[in-house]
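J.: What follows is each chain in one-letter form.
Number of protein chains: 2
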Amino acid sequence: MKTLNIAIAGFGGVGRTTAALLLSRRARYQRLHDTQVRLVAVCGSRAGLADPAGLEPGRLERLEAGLSGPGFITGSGADVLIEAGPSDFRTGGPGLGYLEAALAAGMDTIVISKGALVHSGPRLRDIAGRSGARIRLSGAAAAALPTLDLVRHSLAGNEVVSLEGILNATTNYLLDAMMSRGLGFEAALDEARAGGFAEADPRNDTEGWDTACKLLLIANFGLDGALEMRDIAVQGIQDVTPGMIADWTARGLSPRLVGSLSRSEGGLRGEVGIRTYPSDDPFAGVRGKAKAIRIVTEAMGETVAIGHAAEPLATAAAALKDLEHLLAAGRAAPSDAGKDPA
Amino acid sequence: MKTLNIAIAGFGGVGRTTAALLLSRRARYQRLHDTQVRLVAVCGSRAGLADPAGLEPGRLERLEAGLSGPGFITGSGADVLIEAGPSDFRTGGPGLGYLEAALAAGMDTIVISKGALVHSGPRLRDIAGRSGARIRLSGAAAAALPTLDLVRHSLAGNEVVSLEGILNATTNYLLDAMMSRGLGFEAALDEARAGGFAEADPRNDTEGWDTACKLLLIANFGLDGALEMRDIAVQGIQDVTPGMIADWTARGLSPRLVGSLSRSEGGLRGEVGIRTYPSDDPFAGVRGKAKAIRIVTEAMGETVAIGHAAEPLATAAAALKDLEHLLAAGRAAPSDAGKDPA
Chain A
382 MKTLNIAIAG FGGVGRTTAA LLLSRRARYQ RLHDTQVRLV AVCGSRAGLA
432 DPAGLEPGRL ERLEAGLSGP GFITGSGADV LIEAGPSDFR TGGPGLGYLE
482 AALAAGMDTI VISKGALVHS GPRLRDIAGR SGARIRLSGA AAAALPTLDL
532 VRHSLAGNEV VSLEGILNAT TNYLLDAMMS RGLGFEAALD EARAGGFAEA
582 DPRNDTEGWD TACKLLLIAN FGLDGALEMR DIAVQGIQDV TPGMIADWTA
632 RGLSPRLVGS LSRSEGGLRG EVGIRTYPSD DPFAGVRGKA KAIRIVTEAM
682 GETVAIGHAA EPLATAAAAL KDLEHLLAAG RAAPSDAGKD PA
Chain B
382 MKTLNIAIAG FGGVGRTTAA LLLSRRARYQ RLHDTQVRLV AVCGSRAGLA
432 DPAGLEPGRL ERLEAGLSGP GFITGSGADV LIEAGPSDFR TGGPGLGYLE
482 AALAAGMDTI VISKGALVHS GPRLRDIAGR SGARIRLSGA AAAALPTLDL
532 VRHSLAGNEV VSLEGILNAT TNYLLDAMMS RGLGFEAALD EARAGGFAEA
582 DPRNDTEGWD TACKLLLIAN FGLDGALEMR DIAVQGIQDV TPGMIADWTA
632 RGLSPRLVGS LSRSEGGLRG EVGIRTYPSD DPFAGVRGKA KAIRIVTEAM
682 GETVAIGHAA EPLATAAAAL KDLEHLLAAG RAAPSDAGKD PA
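Respectively, the protein sequence lines represent chains A and B.
Numbered per this note's numbering, the first sequence spans residues 382 to 723.
Numbered per this note's numbering, the second sequence spans residues 382 to 723.
Just so you know, not all the hints are guaranteed correct.
[What the hints assert, rightly or not] Here are the simulated distance ranges between beta carbons:
no., chain 1, residue 1, chain 2, residue 2, range
1, A, A575, B, R471, 56 to 62 Å
2, B, T630, A, D620, 39 to 45 Å
3, B, Q417, A, M625, 53 to 59 Å
4, A, D582, B, R562, 48 to 54 Å
5, A, E692, B, P467, 46 to 52 Å
6, A, T630, B, T622, 58 to 64 Å
[Said to hold, decoys possible] Sample of chain B residues facing chain A (criterion: CB under 10 Å; computed from the structure):
no., residue
7, L402
8, P527
9, V667
10, L701
Simulated from the structure, these hints should not be mistaken for laboratory data.
In this text, all values refer to a predicted model and were calculated from it rather than measured experimentally.
Even for Gly, the Cβ is constructed at its ideal location relative to N, Cα and C.
Throw the hints in and build the complete structure from the sequences for me.
T.: Shown next, in the form of structure tokens:
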């Protein structure tokens, strides 16, 4: 029996849910992968807990102050870091320091927060390439909706001609509410806040930045692109007017906030903005908090995936899907790191 | 640079398209996988061609009589067999002999025709387990629509609660024609035949057997099931009456021929028959020759994939997706064969 030691940095709702799901699946990892998976360290921004023998669920309620930071994680004996901290694409957020340290130390990383990979993806990939560590990011790239999986695995071998996605659940919920119940933007936002579907400051969602972040990760980690945020033309839904709603309704169109990629001479072109779809388009049927992606390749035509799942469980499950892939592939040799085919 | 030798058994439309696509992608295999891929043998039921140095596209027009059969393939020096012959689930078809011989000889196999795996899946898996050969079957399990990929890769780690799929393009086309243009079953069938969308003898499609075959492969190779065809309750669309069409239309429902799997005490339960969907269900929007699958897991909720692609190119691309996965994983050690995680 092999052992695999896991650390989790970022211990809010998603980090805690990931820990609980991981611990509940230990028997599965033993049975299917002949591996004893241990959770050897967890930490939030100021407190944490570590035990080389493995932490049990009951102990995760009380963290100890001071046990936190990149050095705490790299000193924990973990083989894999799951990074689930707050996301900030403008600075890289706390995840950046954790990922730099973990990847440099050769730890495989499962990334849930988008910020660091959006901010410094190429540099983090270089660090991983040198140490032989692997980066997985299903939880960051639309979680339960398969996006990178489709591009890299289900459509392997095929050149992607174009791609578009409804990648942000909050804006989809808001647009749906505006269209179906005739609410204005602010009224829909109030309703979403009351239901817990929108953040106190929702601009990261409503202005399209969250969609742009996911689109960039799909482009750079799925399609070998080299996009930066400033390359993406980003528009949100905050300027939708009752007149636009009335016009779309009259024409039988459904508006969706869509991130899209197309090929241009200089490489990939990324864009975020509202697109409208007739009722017989699968995207018109993507309601409420669902997400969707459509990918066109020459040989395999059009592939659409639609995902609808409850958070934070779905994001935790997406991160642990990455863990399954790492377990299935075994430990990569450093020489394989550059061309790791996911 | 490594080399990988490929043989193709079954050289009708799909086999020929696969050969052409494979040869057109040789530069890709060199670049991405550091592998020189050679097509060393092809054969139909009575004629074939072989060259250890590799066949070029121009030579595939004229096959030589007598070069055919399992011994021809195992003697060709191929590392991988792509099996694309006619499918017959009641006998296993010619593919059965090819797969037995290739797997026993340790050749990896990429299976496009469903018959042999439906007829003798567990036995072929045993043979593969002993020799260390790998079996891949994307082309057999709904081709361009990702089915096994979703279950085994995109939803890895999650228990599948239920699964349903529109897995047969011909019946979906027929039902769509009947509903949208008020055609009876026979009139819709005549139209489909005229357009080349239905076989001369369409009963394998219309009576649900093709759907059942794909469902069985998804169950047994995706969900570790042990279904046999006699375990699946199979109903087709041949008995749909104008009265049923009128009733569904009046109630705003869309009928689809669906293969479904659910958990029961004895394991997996499989069923093929017509289900009806309201207009806001993604399955109601799956029109014409598109296919779709919906998978429910506890942690990742509901995932729907919809695929629409032109044949036989899409099936060829699905088979070569399997080849990409084999190339990416490298040659498996015989000891890994039993728990090959796809």
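J.: Hints first: check each against the structure and report whether it holds.
T.: Going through the hints against the structure:
1. A hinted range of 56 to 62 Å holds for the C-beta pair A/A575 and B/R471, which are about 59 Å apart.
2. Separation of B/T630 from A/D620 is about 41 Å and conforms to the stated range, judged on CB atoms against 39 to 45 Å.
3. A hinted range of 53 to 59 Å holds for the C-beta pair B/Q417 and A/M625, which are about 56 Å apart.
4. In this structure the supplied range 48 to 54 Å holds for A/D582 paired with B/R562, their Cβ-Cβ distance being about 52 Å.
5. At roughly 47 Å, the beta-carbon separation of A/E692 and B/P467 lies within the given 46 to 52 Å, and the hint holds.
6. Roughly 37 Å separates the CB atoms of A/T630 and B/T622, a value that falls outside the hinted 58 to 64 Å.
7. A cut of 10 Å between beta carbons decides the hint on B/L402: the least distance to chain A is about 7 Å, and the hint holds.
8. The beta carbon of B/P527 is positioned within 10 Å of a beta carbon in chain A (closest approach about 4 Å), and the interface hint is therefore held.
9. Given the 10 Å rule on beta carbons, the hint for B/V667 holds: about 8 Å separates it from the nearest Cβ of chain A.
10. Because the beta carbon of B/L701 sits about 5 Å from the nearest beta carbon in chain A, less than 10 Å, this interface hint is met.
In the structure shown, a violation is registered for the earlier hint numbered 6 alone.
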